[in-house]
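Asker: So the sequences go chain by chain: E and D. At position 98 of the first sequence the residue is numbered 98 (the numbering used here), and the sequence of numbers has no breaks. At position 259 of the second sequence the residue is numbered 385 (the numbering used here), and the sequence of numbers has no breaks.
It is worth saying that the hints were derived from the structure and are not from the lab. Note that beta-carbon positions come from the ideal geometry of N, C-alpha and C, so glycine has one too. Any given hint might turn out to be false.
In silico DSS-like links for lysine-lysine, alpha-carbon gap of 27 Å or less [claimed, not checked]:
{"id": "1", "chain 1": "D", "residue 1": "Lys248", "chain 2": "E", "residue 2": "Lys122"}
{"id": "2", "chain 1": "E", "residue 1": "Lys85", "chain 2": "E", "residue 2": "Lys56"}
{"id": "3", "chain 1": "D", "residue 1": "Lys474", "chain 2": "D", "residue 2": "Lys487"}
{"id": "4", "chain 1": "D", "residue 1": "Lys359", "chain 2": "E", "residue 2": "Lys122"}
{"id": "5", "chain 1": "D", "residue 1": "Lys289", "chain 2": "D", "residue 2": "Lys342"}
{"id": "6", "chain 1": "D", "residue 1": "Lys487", "chain 2": "E", "residue 2": "Lys121"}
{"id": "7", "chain 1": "E", "residue 1": "Lys61", "chain 2": "D", "residue 2": "Lys359"}
{"id": "8", "chain 1": "E", "residue 1": "Lys110", "chain 2": "E", "residue 2": "Lys121"}
{"id": "9", "chain 1": "D", "residue 1": "Lys213", "chain 2": "E", "residue 2": "Lys103"}
{"id": "10", "chain 1": "D", "residue 1": "Lys549", "chain 2": "D", "residue 2": "Lys417"}
{"id": "11", "chain 1": "D", "residue 1": "Lys288", "chain 2": "E", "residue 2": "Lys56"}
{"id": "12", "chain 1": "E", "residue 1": "Lys56", "chain 2": "D", "residue 2": "Lys325"}
{"id": "13", "chain 1": "E", "residue 1": "Lys121", "chain 2": "D", "residue 2": "Lys213"}
{"id": "14", "chain 1": "E", "residue 1": "Lys28", "chain 2": "E", "residue 2": "Lys103"}
{"id": "15", "chain 1": "E", "residue 1": "Lys61", "chain 2": "D", "residue 2": "Lys213"}
{"id": "16", "chain 1": "E", "residue 1": "Lys28", "chain 2": "E", "residue 2": "Lys12"}
{"id": "17", "chain 1": "E", "residue 1": "Lys109", "chain 2": "D", "residue 2": "Lys213"}
{"id": "18", "chain 1": "E", "residue 1": "Lys28", "chain 2": "E", "residue 2": "Lys110"}
{"id": "19", "chain 1": "E", "residue 1": "Lys103", "chain 2": "E", "residue 2": "Lys122"}
{"id": "20", "chain 1": "E", "residue 1": "Lys109", "chain 2": "E", "residue 2": "Lys121"}
{"id": "21", "chain 1": "D", "residue 1": "Lys560", "chain 2": "D", "residue 2": "Lys385"}
{"id": "22", "chain 1": "D", "residue 1": "Lys213", "chain 2": "E", "residue 2": "Lys56"}
{"id": "23", "chain 1": "D", "residue 1": "Lys504", "chain 2": "D", "residue 2": "Lys434"}
{"id": "24", "chain 1": "E", "residue 1": "Lys110", "chain 2": "D", "residue 2": "Lys213"}
Quick list of simulated restraints, FRET-style, between CB atoms [as the list claims (entries may be wrong)]:
{"id": "25", "chain 1": "E", "residue 1": "Glu92", "chain 2": "D", "residue 2": "Gly168", "range": "21 to 31 Å"}
{"id": "26", "chain 1": "E", "residue 1": "Trp19", "chain 2": "D", "residue 2": "Gly231", "range": "19 to 29 Å"}
{"id": "27", "chain 1": "D", "residue 1": "Glu521", "chain 2": "E", "residue 2": "Thr125", "range": "26 to 36 Å"}
{"id": "28", "chain 1": "E", "residue 1": "Glu62", "chain 2": "D", "residue 2": "Lys288", "range": "27 to 37 Å"}
{"id": "29", "chain 1": "E", "residue 1": "Glu62", "chain 2": "D", "residue 2": "Gln267", "range": "20 to 30 Å"}
{"id": "30", "chain 1": "E", "residue 1": "Ala24", "chain 2": "D", "residue 2": "Lys288", "range": "49 to 59 Å"}
{"id": "31", "chain 1": "E", "residue 1": "Pro100", "chain 2": "D", "residue 2": "Glu521", "range": "38 to 48 Å"}
{"id": "32", "chain 1": "E", "residue 1": "Ala124", "chain 2": "D", "residue 2": "Gly414", "range": "47 to 57 Å"}
{"id": "33", "chain 1": "D", "residue 1": "Asn224", "chain 2": "E", "residue 2": "Ala24", "range": "37 to 47 Å"}
{"id": "34", "chain 1": "E", "residue 1": "Thr125", "chain 2": "D", "residue 2": "Gly168", "range": "24 to 34 Å"}
{"id": "35", "chain 1": "E", "residue 1": "Pro100", "chain 2": "D", "residue 2": "Thr372", "range": "22 to 32 Å"}
{"id": "36", "chain 1": "D", "residue 1": "Val321", "chain 2": "E", "residue 2": "Glu92", "range": "54 to 64 Å"}
{"id": "37", "chain 1": "D", "residue 1": "Lys359", "chain 2": "E", "residue 2": "Met6", "range": "20 to 30 Å"}
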Amino acid sequence: MSYPTMAGFIMKRPWLKNWMIPVAKWYKQAAGYRQLGLRADDLIPEENETVLLALKRLPPKEAYDRIFRLRRAFQCSLAQTLLPKEQWTTPEEDRLYLSPIIKEIEAEKKEREDLDVMVPKKPATS
Amino acid sequence: MLPNTGLIRSAQSGLRRQCLNTTIQHRGLAAAASGSFSYETGDASGVKFASRDIPGATTTLAVVARAGTRFQPYPGYSEALHKYAFKGTTRRSALRINREAELLGGQLFAYHTRENLVIGAKFLRDDLPYFTELLAEVVSQTRYTRHELEEEIVPAVQEERKKLLKDVHGMAVNSAHAIAFHRGLGEPLHQTSSVAVNKYINNEWIHDWASTAYAKSNYALVANGAQASEFSKWTKEFFSDAQIQTRQNAPSIDSTQSKYHGGEERIAHDGGNALVLAFPGSSSFTGGSWKPEIAVLASLLGGESSVKWAPGFSLLSKATEAFPGAHITTQSATYSDAGLLHVSVTGKATDVRSAGTEVVKAIKAVADGQISQEDFKKAVATARFRALETGQSTEAGILQTGAGLVHGGKAHQIDELGTSIGKVTESQLKTVAKTLLEGKATVSSVGDLNILPFAEEIGVQV
Chain E
1 MSYPTMAGFI
11 MKRPWLKNWM
21 IPVAKWYKQA
31 AGYRQLGLRA
41 DDLIPEENET
51 VLLALKRLPP
61 KEAYDRIFRL
71 RRAFQCSLAQ
81 TLLPKEQWTT
91 PEEDRLYLSP
101 IIKEIEAEKK
111 EREDLDVMVP
121 KKPATS
Chain D
127 MLPNTGLIRS
137 AQSGLRRQCL
147 NTTIQHRGLA
157 AAASGSFSYE
167 TGDASGVKFA
177 SRDIPGATTT
187 LAVVARAGTR
197 FQPYPGYSEA
207 LHKYAFKGTT
217 RRSALRINRE
227 AELLGGQLFA
237 YHTRENLVIG
247 AKFLRDDLPY
257 FTELLAEVVS
267 QTRYTRHELE
277 EEIVPAVQEE
287 RKKLLKDVHG
297 MAVNSAHAIA
307 FHRGLGEPLH
317 QTSSVAVNKY
327 INNEWIHDWA
337 STAYAKSNYA
347 LVANGAQASE
357 FSKWTKEFFS
367 DAQIQTRQNA
377 PSIDSTQSKY
387 HGGEERIAHD
397 GGNALVLAFP
407 GSSSFTGGSW
417 KPEIAVLASL
427 LGGESSVKWA
437 PGFSLLSKAT
447 EAFPGAHITT
457 QSATYSDAGL
467 LHVSVTGKAT
477 DVRSAGTEVV
487 KAIKAVADGQ
497 ISQEDFKKAV
507 ATARFRALET
517 GQSTEAGILQ
527 TGAGLVHGGK
537 AHQIDELGTS
547 IGKVTESQLK
557 TVAKTLLEGK
567 ATVSSVGDLN
577 ILPFAEEIGV
587 QV
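If we strip away everything but chain E, and leave its shape as in the complex, we get (with noise of 0.2 Å):
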């Protein structure tokens, strides 16, 4: 499941834009979850059927790097340290790699749902 967002509401307003996106910058740094190493998708919690499905649609790379990157972080909560500096996610890595694939699913089962319930209206044949 993709999580709530504002990032909408706010990109369509430069003016809001411009003020956030410095504070966004810092919350994501202060967050605490770079220093582990991971990314902000790696956060998205896996405990539901779509990103399951998601899950199973990264390519195989993808995949093997997020598990990768959790275990490390798993380790570094068990010692209770931080990654070294050079090994923190920096925002360039930051990237989203498996929202786009949330979204598409959550188009595809919106898009079933709606044609379930679609009632075809045929205009009187002359």
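Given chain E's structure and the hints, the job is docking chain D onto it.
Answerer: Below, chain D alone, put in the same frame as chain E:
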């Protein structure tokens, strides 16, 4: 309350077109527009098309591409490509395509043969524009996504493999083709192992293959039950710019002339017994080496009964009357530049063995001219009937016509075919049977190898 405006719009536009075409709508079933069995052909900026207007309320429309297993660059590619038909395109999802077709009361189909890949639809006459557009979209804008391949196509290919491995007759025919033609026409129709899936099939490569298979010069559009003017109008509208994007690594089509080799293969199998005895045959009518006498020989040998509760009157059914455990069919498989005349015997191992010997004896009898005038006449009539009946039936007719257009630029005209079979003489038949026996045969046995005969034991050379 309905967010899916795209569907409504297209359904509405389809309906609007229906209302405009009131002339078509009011025509009764029996009133033929032209009622000809010949195809009218045309060309829409590089796409060849043919149509015939057989009277009726429904239309069958299909794209026939020169992309069967014979031309595939790697194993399983034609199968994967045909299963990608009607999957998601850049404009709509697979689900929407299917639901829309359902709403209009249409049926979508896709299959492949050794030489051709066919994707098509059957629908009510008035929906021609919608389905023409759909086929153009499938041909040019399918997305070939990885998840569709992994979630739907690969399991389907694997199921086909299981089905083939259970079917002794299918395996024997595949094996006979492989022995007879080695590569090309010898490629199996479905996979016999997982190698294709594990090693060769991936969505990018299939996309490359699609860009070759669906290049404009490589397919033809055939309609059955559509008015020629109407059909050519919509084809021009939708197919003119339905060009699949060319891709860098697109494989080229290898159309080397098929060569007959011959030989023997024996495969142990627990699920039944099949013996396929094959000889070099005739190409299709539109192909280069069309030999009508092969078609006559096939129906002369026969094996299957055309009446109920009787073994039948063809040479093979008479010769093998004593072995009711064996089922015999004779088929002349025709391709664009070669053919395979094959007799298949399936059933109880001992009966298959004895019937196999009888088959060879029967062919020898034909070569020696020991067939009655009456049998010969019956065979010619049956061969003509079969050829004409196939040409007349919608699906086979579409396949043959499309193949004719795309392989030789000539539509399959069944009237000429019938005449050509009618002209076969007895001496021609004798000569062809003699050449078959003198050349190398192809023998493939699948089943209980302890009982099934070797080629030499039934008296043919391999």
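Asker: List, from low to high, the hint numbers that the structure doesn't satisfy.
Answerer: Numbers 2, 5, 6, 7, 18, 19, 25, 26, 36, 37 - these are the hints that the structure violates, sorted from lowest upward.
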